[in-house]
Every structure is written in structure tokens, then in C-alpha cells.
Amino acid sequence: MVLENDVEGIAKLADIHIQKEELGEFTSQFNHILEYFDILDTVSDGEEGKADLVNVLREDVVTPSLTQEAACANAHETEDGHIRAPRVM
Amino acid sequence: MVKEYFFEKTDRTNAFITRLGLAMYEETGGPLEGKGIAVKDNISTAGIPTTCGSRILAGYVPPFDAHVVTRLREAGAAIVGKTNMDEFGMGTTTENSAFGPTTNPHDASRVPGGSSGGSAAAVGDGMVDMALGSDTGGSIRCPAAFCGIVGLKPTFGRVSRYGLIAYSNSLEQIGPLGRTVTDVNTLMSVIAGPDPRDTTAYDRPYTHTPSGEIAGMKIAVPEEFFGEGVDPAVAESVRNAIGKLEDAGAETMTCSIPSMAYALAAYYVTCTSEASSNLSRFDGVRFGPSVETKRSWHDEFRDHRGTLFGKEVQRRILLGTFALSAGYYGKYYAKAQVARENVRKDFLRIFKDADIIAGPTMPQIAFKLGEKSDPLSMYLADILTVPANLAGVPAISVPCGTVDKMPVGLQLIGRHFEEERVVDAAFAYEMEVA
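Chains A and B are the protein sequences, given in the same order.
Heads up, our numbering is the position in the first sequence plus 64, with the first residue counted as 1.
Heads up, our numbering is the position in the second sequence plus 120, with the first residue counted as 1.
Calculated directly from the structure, the hints in this document are not laboratory data.
Some hints could be false.
[Said to hold, decoys possible] Lysine-lysine pairs mimicking DSS-like chemistry, simulated, CA-CA at most 27 angstroms apart:
1) Lys451(B) / Lys431(B)
2) Lys129(B) / Lys488(B)
3) Lys431(B) / Lys76(A)
4) Lys492(B) / Lys84(A)
5) Lys414(B) / Lys84(A)
6) Lys414(B) / Lys76(A)
7) Lys84(A) / Lys338(B)
8) Lys472(B) / Lys338(B)
9) Lys338(B) / Lys431(B)
10) Lys76(A) / Lys451(B)
11) Lys364(B) / Lys472(B)
12) Lys129(B) / Lys525(B)
[Unchecked claim] Partner residues are not named here, just some residues of chain A that face chain B (Cβ under 10 angstroms, in silico):
13) Asn69
14) Glu112
15) Ala139
16) Asp144
17) Arg148
Yeah, the Cβ is synthetic: ideal placement off N, Cα and C, and Gly gets one too.
Using the sequences and the hints given, assemble the complete structure.
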């Protein structure tokens with residue numbers, strides 16, 4: 065059972081602002097879904113899949129890629145071929 | 121030589137987010153030369169806006185083509201537009217789109233299925249012969265079933281995901297939709313094959329001509345696919361269809377998939393966890409509507425995502441964040457991975473004796489618009505399609521009659537990298553009822 069407080073905390077972790085008036089509905093849907101997920105408690109101990117996987121490696125060779133101009137084309141604020149982001153601190 | 125393709129068909133179902141009235145194609149001598157093809161709007165197309173059905177990607181124009189789009193162009197296809205979808209592929213009805221719902225071509229009061237609902241409706245309504253979709257937990261097969269067309273989810277790794285905007289990358293595959301098995305087969309032959317830019321893409325090209333010769337093919341029918349929650353009329357249609365495969369020479373047997381008890385929960389824990397990580401890239405800095413760079417990162421980021429992501433996307437990111445958080449990882453994510461392995465083992469066990477597993481694609485016919493308003497009841501509709509994604513095996517949906525004048529889909533699931541056999545079984549059914 066999670067509370068509105070918990071959902072608010074998760075939303076903060078996920079960087080999603082949830083309106084106060086929507087918290088109640090989110091919380092009740094959350095609990096409804098988590099209750100369904102409880103069926104996973106019946107999974108007997110077993111192993112996670114380890115399919116026949118091999119690492120795929122290659123030499124780090126420079127190949128043609130996007131131009132700086134194309135990479136910046138969708139950004140709204142650029143400066144000297146770089147993308148401006150909000151301040152972190 | 122570059123030629124013009126005029127695409128002037130009326131869009132009665134809101135199948136397209138972006139349409140090109142004039143699409144260009146090259147005379148390449150390829151198998152799709154001069155054919156109009158629609159592409160789901162989570163597959164990158166250079167120069168054509170790509171939104172994933174979300175406001176958070178409004179105005180985004182990819183600077184590159186997805187691998188499958190390059191293959192379409194090389195095959196001579198004219199890409200006529202980008203189709204509507206549940207935002208980021210999160211939904212079973214195409215109602216979770218920022219561009220409004222797509223409707224079912226057979227009944228405008230019903231959904232087309234999802235999340236590739238626009239692609240299925242465009243094919244089902246005759247706007248195009250073929251379209252590309254993507255299938256994370258049934259998103260090609262469900263709308264194919266609801267719209268009365270054919271849709272194939274390939275084996276995980278048979279088609280490159282380069283340029284597919286990621287939602288849940290251990291589960292999703294790009295695949296073909298078409299009105300006939302032959303069209304789906306043709307489109308599959310164009311998109312399959314290796315791509316160094318997707319390290320999960322195998323070097324397994326697809327060159328197959330469908331054959332209806334299925335004498336001796338062994339078909340297993342899981343009891344769980346006809347259990348609680350499956351509409352008896354849908355179940356009867358599908359059992360009749362399996363009877364037609366017997367008429368064509370197939371041998372049937374019953375089987376059981378005990379892991380179906382928790383497969384849906386394992387699926388939703390896995391896909392929401394992966395989504396919570398994948399969708400962190402939508403921060404308004406490099407693409408989509410801009411953020412205010414003078415505010416602090418987290419304040420701006422939070423408001424941006426709180427405003428521009430739809431409710432279902434927010435719900436899934438939150439669920440995934442929760443499932444991966446300290447103290448809950450063992451209870452949810454780790455258990456889901458064990459459950460997933462059990463699903464895979466169930467399939468491998470059945471495929472020792474059987475070539476194909478057959479059952480309904482969806483437990484019901486297409487829902488009425490607005491019918492599934494509760495998130496969990498919407499999730500439960502995916503119960504018959506998610507097992508193939510968890511196991512990574514190929515699965516096709518082929519139309520098999522109607523209930524209340526709405527199409528029903530027969531699902532045929534095969535061994536890893538045996539799309540050819542799945543296609544043959546579907547083709548045999550199509551020939552048998554032709």
C-alpha cells in the first residue's frame with residue numbers, strides 16, 4: 065500500500081510534476097496495479113534468464129556520423145555549435 | 121530516377137499524424153517500387169516530423185532515417201506519412217495519443233487497437249497496402265486483430281531497432297502490417313537483416329515465399345488461451361480457425377503455459393522499469409518544445425515533463441521508478457526477470473513437440489471508445505500477446521472471422537527465428553478460407 069506522500073516522492077525522483085489534485089487518483093490507481101503485481105510473490109525461486117549471450121565488440125573506428133549542425137538542428141538554444149541546457153546548480 | 125507518388129486518400133479514421141500529399145520514391149527495381157507505405161510515428165524518418173504521439177516531441181524532425189526506413193527507401197517505397205499511436209506505444213487502443221484517438225475502420229464507435237492503431241487503421245481502411253508498426257507487448261498484433269488485417273511481430277533481434285524511439289528495448293520489435301499474408305511477407309523481407317548500429321540485431325535475413333503446405337505441422341493449443349476473460353464467441357471463432365488448419369493437414373495437441381499466471385505482471389514491471397530509464401531523455405534540451413534555461417535543471421525538467429507527457433506515460437514512468445527503487449527492486453523487478461525466464465522455458469518446452477502455438481490474439485473484439493478507462497483493465501487485455509514478447513519469439517495475427525460484425529484475430533506463435541513457419545501456417549489458413 066503506497067500513500068500520496070510516497071507517490072509524490074516517486075514523482076520527484078522521476079522528475080515529473082504531478083498536480084496536487086491528481087495525486088489521489090494516481091495513488092489509488094497505483095495501489096490497484098501494485099496489488100495485481102503481488103502475483104509475482106508466487107514465482108518460485110528460479111534464475112534470471114542467461115540466454116546464450118556474447119558481447120559484441122568492435123574496434124573504435126571513426127565513421128561518418130551526424131554533422132554538428134544536424135545534431136543541433138532540433139535544439140532551441142545553441143551557442144558555438146553546442147546546446148544550452150538549464151543550470152544544474 | 122526519382123518519381124512522384126500522390127497520396128490523396130481521405131483519412132476517415134484519424135490514422136495519420138503527418139501525411140505527405142506528395143511522396144517521392146526511387147525506381148530501384150525493388151519489391152516495393154511505387155508502393156505507398158505508412159510508418160508508425162515512433163520510427164525516425166529524416167525530414168519528416170516524428171512525435172511518438174506525444175506533445176513532448178512536437179516539432180521534432182529527425183536528422184536521420186531508422187534502419188528500416190532506409191530499407192524501405194532502397195526497396196522503392198514511397199513513405200506517405202506517419203501514423204497515430206498511443207503515446208510512446210503505451211496503450212492498447214490508440215486513445216492515449218496527443219493527436220486524438222484513431223477509430224476502427226469497421227465501426228467508428230470502436231477503437232482500432234493499439235498501440236500501432238494508426239498503421240492498422242490505414243491498412244484496414246484501404247489507404248495503404250502495408251505499414252510498419254512496433255510491438256512491445258502486442259502493439260502490432262492487437263490492432264491487426266481489431267482491424268481485420270495481418271500483423272507480424274518478428275523474433276527479437278531479426279529486425280534492427282536503430283531509429284526506433286525506445287520505450288522498452290528488451291521487448292520491442294518493428295514489424296509489418298498488411299491486408300494479406302503475402303504483403304506482410306514482402307515487407308518482412310525488406311526490413312529484416314543485420315545492422316551494425318543495433319547490437320541486438322542478428323544476421324538473419326528473411327527471404328521466404330509463403331507456402332500453404334502444412335501437412336504434418338504440429339500445432340499446440342494452450343488451455344490458458346481459452347480461459348477466464350476470453351469472450352466465448354471469440355474463443356469459438358479461433359477454435360474453428362484451428363479446425364481449418366487441421367483440414368489443411370496440421371496435427372493439433374493441447375498444451376499448458378503455467379507461467380501465464382504471472383506473465384502479465386512480469387511484462388508490466390519490465391516495460392515500466394525500462395520506460396522510466398528510456399524516457400529520461402525527454403528533457404526539452406535537445407529536441408521538442410524548449411525549456412527555460414535560466415531556471416534550475418530539476419525545477420524546469422519537472423514542470424516540462426509534468427505538462428507535456430500524457431497521464432499514461434507519467435503513470436508508467438512512476439511505476440517503473442518505483443519498481444526499481446531501493447527496497448522494492450527484489451520484490452518487483454528481480455522477480456519479474458525470473459518470471460520472464462519461466463515464460464521462455466515454457467515456450468521452449470512446448471516447442472520441443474510442437475512447431476506452432478495457436479490461440480486468440482485478443483480476448484475480446486475491439487472495445488468501444490472510452491470503454492477501458494481504468495488502467496489495470498486496459499493492461500489485462502494484453503494477457504495473450506505479452507508472452508511472445510517476454511520469450512522473444514515471433515507471432516502473427518491473421519483475421520479469422522467476425523463476432524458482432526467485428527474482426528477476430530488468430531494468433532500463431534513460432535520458435536525463435538522461425539517466422540517462415542509462422543507465415544506458412546497463416547498463409548495456409550488464408551488459403552483454406554479463401
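Going through the hints against the structure:
no., hint, in the structure
1, Lys451(B) / Lys431(B), "holds (25 angstroms)"
2, Lys129(B) / Lys488(B), "holds (25 angstroms)"
3, Lys431(B) / Lys76(A), "holds (16 angstroms)"
4, Lys492(B) / Lys84(A), "holds (25 angstroms)"
5, Lys414(B) / Lys84(A), "holds (25 angstroms)"
6, Lys414(B) / Lys76(A), "holds (20 angstroms)"
7, Lys84(A) / Lys338(B), "violated (56 angstroms)"
8, Lys472(B) / Lys338(B), "holds (10 angstroms)"
9, Lys338(B) / Lys431(B), "violated (44 angstroms)"
10, Lys76(A) / Lys451(B), "holds (22 angstroms)"
11, Lys364(B) / Lys472(B), "holds (23 angstroms)"
12, Lys129(B) / Lys525(B), "holds (25 angstroms)"
13, Asn69, "violated (13 angstroms)"
14, Glu112, "holds (4 angstroms)"
15, Ala139, "holds (5 angstroms)"
16, Asp144, "violated (15 angstroms)"
17, Arg148, "holds (5 angstroms)"
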